[in-house]
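Construct the complete structure from the given sequences, taking the supplied hints into account.
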Amino acid sequence: MLDLLDGLIEAFSLIIALDPDLIQIVFLSLRVSLTAIIVSTLLAVPLGTLLGLKPEKKTRLFNKIIFTFMGMPPVVGGLIIYLLLSRMGPFGVLGLLYSPSAMIIAQVFLATPIITGLTMVGIRAKGSAVEETARSLGAGSYLAAWTVVREARFAILGAVITGFGRVIAEVGAVMLVGGNIAGRTRVMTTAIVLETRKGNFELAIGLGVILLLLSFIINSVLYNIQKGGKSN
Amino acid sequence: MKLENINKEYDREVLRVDSLELNKGLIYGIIGPSGAGKSTLLRIINLLTSPSQGAYYFHGQPILKSSRELINLQRKMGLVFQKTLLFSDSVWNNVAYGLKARGCCREEINDRVGLLLDQVGLSDLAKRRADTLSGGEAQRVAIARSVAYDPELLLLDEPTANLDPYNIELIEEMIATLNREKDITVVIVTHNVFQARRIADKVIFIDKGEIVEMGSAEKIFTDPEYEKTRLYVEGKVIS
Ligand SMILES: Nc1ncnc2c1ncn2[C@@H]1O[C@H](COP(=O)(O)OP(=O)(O)O)[C@@H](O)[C@H]1O
Ligand SMILES: [Mg+2]
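Residue numbers (the working numbering), protein chains in the order written: chain A, 1 to 232; chain B, 1001 to 1239.
These are calculated hints, taken from the structure and not from any lab test.
Some hints here could point you the wrong way.
[What the hints assert, rightly or not] Computed footprint of chain B on chain A, listed as stretches where at least three residues anywhere in the stretch have a Cβ under 8 Å from a Cβ of chain B: (1) 135-143; (2) 192-199.
[Stated by the list, open to error] Once the Cα atoms are required to be at most 20 Å apart in a straight line, the calculated SDA-like pairs of lysine to any residue come out as: (3) B:K1065 - A:S141; (4) A:K126 - B:T1132; (5) A:K227 - B:T1132; (6) A:K54 - B:Y1010; (7) A:K126 - B:K1065; (8) A:K54 - B:D1011.
Every residue gets a Cβ at the ideal spot worked out from N, C-alpha and C, and that includes glycine.
Listed below in structure tokens is the structure:
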């Protein structure tokens, strides 16, 4: 009990003092996950929009695949990327394993189905009606597609933030493909695992607090988006 | 605008039109029971749905299926859907949408949208978000949005369904004004025969996917050719 209290006090002093190790880990986490989310968004929003505009009957198989990938345990996703990037794998020559790039790739792999699936569901609600309205007003294909995306902006933003929340909190995949190398591939979640094992609770708790805070922010934003979306 | 030997099949044939010609400057009322094919006809006229067979002429020119031509032609028409959808944006931006889609410059958009909103009495709503409008206001905005780019033909699919008498009157006035001042040809689908009688020059009665009768409003309502038409306009059950 005292240990825990000490840990908490120590953790807050690390945060307040902007401990360099802690800052470095937090920044790497944010860098990896934000990059992954940007890449995923660029892939997933067009794909999800395309699927969302097709009649559900025609995309049934695709839906099942996407929903399966959405629910894939991150560590399994990590394993797949590990095998692809490992020296004997097809992309081994690139030498990406145990680098931040590998972690970004793994997170893209995890986030893309989530954002695609949620975008698709969001578009499906009224996407075809929006598309037809846009076309009847003289929009060409690009403007019509852009209008569809714009009308579903709350759903899409929600999808992106949900994806970010998943990858930033994920530990299995980044541990496998990143290797949790200090100063290079150590992110918040893997650091917590390691420091807890070593008994360095203060850093672990400090990072835990920051993760919780992030989660709070993410969910507040999501909550507001959903409220905004509803009143529309 | 002219259709010849058009038919449309989904799982079964839902519409067949041997010949239909619309003349400039008139208001056409399409009446008929629910499921008769009224919306399908409007969508075919708007080139939003392509017919299973048949020929389509605009100003006497047959229309081929190249997408460039379709979009140019579609841009000469405005369609207000049975289930209206305004973009979640300001009223102003909704009305400006068609002009932006046509690549109009900013000043032109500002002038024309401003003028139109004045004409149809919606200026006060310009800055309002479309999702905060009442049903009647939303419907008027939707009509304004579909005429902002000066289409030759305005297609309205039950624009006053579910509205109160006051808003129905406003919208009917608006349609009459647009027809008079901008010389827009109007096709209005309605299942309210009284509305057709009030505003239409010509009335088309559709039942079970076929045009039963088309004629001047006067004729259709006082001396129709067919028994079926007479029963329908008198509000009787037709089978
Ligand atoms: N996309 C579609 N797929 C299958 N059937 C349709 C479709 N659109 C309309 N229909 C059918 O065509 C018929 C005519 O519909 P519609 O033109 O909407 O009638 P109305 O507008 O006169 O009420 C109806 O039986 C309807 O079920
Ligand atoms: Mg209809």
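Closer than 8 Å, Cβ to Cβ, for at least three residues: run that test on the region 135-143 of chain A against chain B and report holds or violated.
It holds: at least three residues are needed, and the region 135-143 of chain A offers 7 whose Cβ sits within less than 8 Å of chain B.
Under the criterion that the straight-line Cα-Cα distance not exceed 20 Å, is the pair K1065 (chain B), S141 (chain A) satisfied?
holds (16 Å)
Straight-line Cα separation of K54 (chain A) and D1011 (chain B) no greater than 20 Å?
This hinted pair holds, its Cα atoms lying about 19 Å apart.
Closer than 8 Å, Cβ to Cβ, for at least three residues: run that test on the region 192-199 of chain A against chain B and report holds or violated.
Check failed, 0 qualifying residues.
Below or equal to 20 Å on CA atoms is what counts here, so check K126 (chain A) against T1132 (chain B).
Holds - the C-alpha atoms of T1132 (chain B) and K126 (chain A) are around 18 Å apart, at most 20 Å.
Need the status of pair K227 (chain A), T1132 (chain B): alpha-carbon distance at most 20 Å?
holds (15 Å)
Is it true that the CA of K126 (chain A) sits at most 20 Å from the CA of K1065 (chain B)?
Violated. K126 (chain A) to K1065 (chain B) sits at ~27 Å, over the 20 Å cutoff.
Next pair to validate is K54 (chain A) with Y1010 (chain B); report whether the Cα-Cα distance is within 20 Å.
holds (17 Å)
Hint violations for this structure: numbers 2, 7, all remaining hints satisfied.
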